[in-house]
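K.L.:
Residue strings, one per chain:
Number of protein chains: 2
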Amino acid sequence: MYGIILAGGSGSRLWPLSRELYPKQLLKINTDKSLLEMTYLRLLNLTDEKNILSITNAKHFSDVKTQLSSISKDPLLLSEPAQKNTAPAISVSVKYLLDKGKDDVILVVPSDHLIKDEKAFKKSVENAKTLAEEGYIVTFGIKPAGAETGYGYIKSSKKNNDFSYKVEEFKEKPDKKTAEKYVKSGKYYWNSGIFMFKASVFMETLKEFAPEIYEITQEFNFTKNNQIEFTKFDKMPSISIDYAVMEKAKNIINVPVDCGWNDLGSWDAIYDINSKDKEGNVKIGAVQTENCKNSLLFSSNRLIAGVGLDDIILVETSDAILACKKDKTQDVKKVFDKLKEIKDETHLVHTTVYRPWGYYTVLNQGEGYLTKMICVSSHGQLSLQSHNFRSEHWVVLSGTARVTLDNKNYILKPGSSIDIPVKVKHSLGNPYKEELKIIEVQKGDKLVEEDIIRYKDIYGRVKA
Amino acid sequence: MYGIILAGGSGSRLWPLSRELYPKQLLKINTDKSLLEMTYLRLLNLTDEKNILSITNAKHFSDVKTQLSSISKDPLLLSEPAQKNTAPAISVSVKYLLDKGKDDVILVVPSDHLIKDEKAFKKSVENAKTLAEEGYIVTFGIKPAGAETGYGYIKSSKKNNDFSYKVEEFKEKPDKKTAEKYVKSGKYYWNSGIFMFKASVFMETLKEFAPEIYEITQEFNFTKNNQIEFTKFDKMPSISIDYAVMEKAKNIINVPVDCGWNDLGSWDAIYDINSKDKEGNVKIGAVQTENCKNSLLFSSNRLIAGVGLDDIILVETSDAILACKKDKTQDVKKVFDKLKEIKDETHLVHTTVYRPWGYYTVLNQGEGYLTKMICVSSHGQLSLQSHNFRSEHWVVLSGTARVTLDNKNYILKPGSSIDIPVKVKHSLGNPYKEELKIIEVQKGDKLVEEDIIRYKDIYGRVKA
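Sequences listed follow chains A and B, in order. Residue 1451, in the working numbering, is where the first sequence stops; the numbers in between run on with no holes. Residue 1451, in the working numbering, is where the second sequence stops; the numbers in between run on with no holes.
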C-alpha cells in the first residue's frame, strides 16, 4: 500500500497561530508533534516509509522537509511549483508512484486533520483496501457530530456490504438550515477528504472525467526527473479532487469511519478538542480568568487575563493577538485577507522562522534596532554573507560558535560576544554537538531580511 | 490660594496599563500628558507653583517627581512613608502649608481624574473660594450622567445661593437599583473627591470629628523637618477624608460643577471618553476589526484583531493582555489582586521602568537571557555597580556612552559594543546632549533586578 500526504495549506484559519508561511499542518497545538508529523506516523503504522509520498508547495517545502526528517531519514517529498488545489497535486503524486513503483492501492490523506482513534482508522483503512483492490474509489465518510456548515457532505444511505455504503451524491458546504436537514435525515456523512484507490483505477477515472488534468499528468516522467516542472504544472487548472473527479465518478463507495476525526478548520474546533474546566473554559499557557465561561484562552508567551467573557476565543502570539466571538471563527480568514491586502507581515510569517540550520526568533524590533534569538543545530552552518545597512552583534548564550569574520576565524564560548560591522563578510556555524544559542542585536536604519548578500551557500559552495 | 494634589493610587483598575508601581495618574492615555501632569497644569492655571503641594506614597515618589519636574523646576512634593488613605494625607498636607505659609484657602484635588472643561472648573473654583473664605468646607458635586455604582453620592437639593446647595447627606457607593433611584430623584450628585476649605477651618473640623488624626498631625513640624516621619505617620488610622470628616461635619456645602469630569475608574470609562467609529468601536494603536461593535481595542505594541466582538474591552501591553466584558470592568481589580497573591509581577511593574537617569524597557526574557533597551537622558548617570550572576553586553544604538569598566573609561559610539563580565564593577553615563540608547543583553542563570551591588550612587557618593 502507498500513502500520499497532501501537505499544502494557506494558514489563514488558525491565524495568528498559523501564518501563510507556517500553515496549520506544521503547528504543534498543545502537543509535541505537529499535525503533519502525526499524519506521517499514522501512515507509518500502515505501510513502510519508502511507500509514503508527501506533496507540498514550494514555500512550505523546507519546513515540511525539516519536520518529516525528524521521523524519517529520507522522506519522499514533492514540491509543487505553483498552487493548484488538490486534483493536480494528487494526480502528479499518483503518476510519481506509478513511475517509481507498481500499480498498488493508494491512501490519500490531508496533513492537517486530527484523528483521535488511530485503531478505528486503521481498521477502516484495512476494510477499504479490499474495496479499492476491487476497483472502487473509496471515500471515508464521517458520521456528523453536528450541523457543521464548514464541511462538504456525502449522501450515502444504501448499504453495499458490512462496512460500506453506496454514494448517492457529493454536496458542497451547506447553509445552516440545509446542514440541519442533512444531519436529521441520517443519510449524510461529512467528507473527510481521505480517499483510497488503486493507482490505475484513479488514472482511468481521471482520464474519463478530467481529461485535461490527465493529459498534463502524462507529460511528467518521474523515472527521468524527480522534480515537478513548473512549465508543465502551471498549465494545470486549479481544481479540487472532489469537483474534478469524485462528484462525477460512478465507482465511488463510502466507508464510514468513527475515529474522532476533526479537521481543525477554525478556532472553535480547537476549543472543541481540548478539555475544559467546570465553567467550560479551555486555558492554555499563562492564563488568568475571572467569571469566564465557554471560552478559549490560548497564550503562547505573555499573560492573558479574561474577565466576564462568554463564548470568546482569545489567542496570543509574539506579534499578534486575536479576540473572536466563538461563532464567528470562520471570519478570522477575513482578517487574514485584510492583513495580506495591506501588506501587514503578521499574516505571512511568525516571529520564529525555521531554517535548515536551525531557527531564529525575532524578539523585538524598535527604531534602529532588532533583536533575535538564533539557534544553530549541531553541525548547522549559515551562509557566508554581508549586510549593506546593518551591523550585527552576537552574544553567545550556550554552546560554542565558530564565527568567520573578514576571513579570520573565531571560536566563541558562552558570555563572549563579537561585532559584525556593516559590509564585512561573515558566517556563523556550530560544528559541535551542543546546540548553539546566541542573541543577535541588529543596529541600522534599514533592518530587513532582504539586506543580505550571500557569497557561499550553507554547503560552502561559492554562489554563481 | 493653595492646591493639594493627592497623587497616591493602587494601579489596579486600569490594569494592565496601570501597575502597582505605575498607577493611573502617571499614565498618558492617548495623550502626551499624564493625568497627574494635566492636574498640575490645571492648578497652575489657578495659583502659583510655589503654592501647589503634591503628596504621594514612597513607592511612586520618584515617578511623580520626574513627571512634575517636567513642568516645574522645583515642585513641592511630600512622600507618605506608609499608605493611609486620604484623611491622613490631606491632614499632614494642610499642616505643611500652615507651617510653611499662611492660613489661606486650599483646593484639594485627586491626581487621576479627567476634567474636559477647564474653564467651567475654574469658574466653580472661583465661586467656591468665596464660600471657603466664609468658613465653609466646599465639596464639588457632579451632576450624575448615569446610575453609576462606582461613585459615592451626595444628597443635596436645597439651594444655598446662586451656585451652591446645602449638603444633606453623603452616601457610599450604592447598588444599581439605589443609584437609579438617586439619579431619578434629581437630588443627588456624584462625589468628585475635590474639596476646598480654609486651612484653619479644616484643622478645627478635623479636631472635632477626627481628634486622633488631628493629634498626630500636630506632632509634625514642617518648619523643622520637610519629611513625613514614618514613626509618626504610621500611627495614623487608614481612613478616607469622606468617612473621617466630610460625612460628619456641619459646615459642608456643595458647589455643583459641570466640567466634563470623569474619574477614569475603570476601562469602560476609557471607552466612554474616546471617540468612536460608526459601529461604536474605540480603536487605539495597531488594530484590525471584522464585524465588531461597541468595543474598545487598545494596542500598545502588537497587532490586535477583533472578530465579531460586542461590548468587549481588549487591551494589549508588552507583557499582559486583558479581554473583558464591558459591564465587568470593575472585576479587573480581582485579576490584579489574584496576580498579586500568586506573586506574578505583571501586577506590579511594567516592562518599562522610569528612573531618575532615564528609563529601561525589558524587551524580552527567555531561558538564560534577558534583553533591555536602556535610554539614558542627557547628563544621566547610573550608579557604579556589579552583578554576581550575570554578564551584560551593551550595544550602542544612538548617542554616546561613557562606560567605566574595572576602573577604566571607554567612550562608545553607535555600533560599538562592550562586554561587562560577571562581578566586574561598571557604570554607564551619558555626559552629552543627545539621548543615549543602548541594547543590553543579559546572560546568566539568575536574571533578576536584585542581583546588583551598588558601590556609588548616581551622584558619585560612595555607599556606606
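Calculated from the structure, these hints are not laboratory results. Among these hints, one or two may not hold up.
Remember, identical chains collapse to one label, so a pair may be satisfied in a single copy or spanning two.
Said to hold, decoys possible - The calculated DMTMM-like cross-link candidates involving lysine to aspartate or glutamate, where the alpha carbons are at most 25 Å apart (straight line), are: (1) Lys1312 - Asp1297; (2) Lys1320 - Glu1277; (3) Lys1325 - Asp1264; (4) Lys1174 - Asp1149; (5) Lys1164 - Asp1314; (6) Lys1103 - Glu1422; (7) Lys1163 - Asp1297.
K.L.:
Decide, hint by hint, whether the structure agrees.
P.N.:
Here is how each hint holds up against the structure:
1. Lys1312 - Asp1297: Both: 8 Å inside a chain and 8 Å across chains, each within 25 Å.
2. Lys1320 - Glu1277: Between copies only: 10 Å across chains, 29 Å inside a chain, cut-off 25 Å.
3. Lys1325 - Asp1264: Answer is between; shortest inter-copy Cα gap is 18 Å, intra-copy 34 Å.
4. Lys1174 - Asp1149: Within one copy only: 16 Å inside, 81 Å across.
5. Lys1164 - Asp1314: within (16 Å within a copy, 34 Å between copies)
6. Lys1103 - Glu1422: For Lys1103 and Glu1422, neither the intra-copy (34 Å) nor the inter-copy (58 Å) Cα distance is at most 25 Å.
7. Lys1163 - Asp1297: For Lys1163 and Asp1297, both the intra-copy (22 Å) and inter-copy (22 Å) Cα distances are at most 25 Å.
Hint compliance for this structure: hint 6 is the single one not met.
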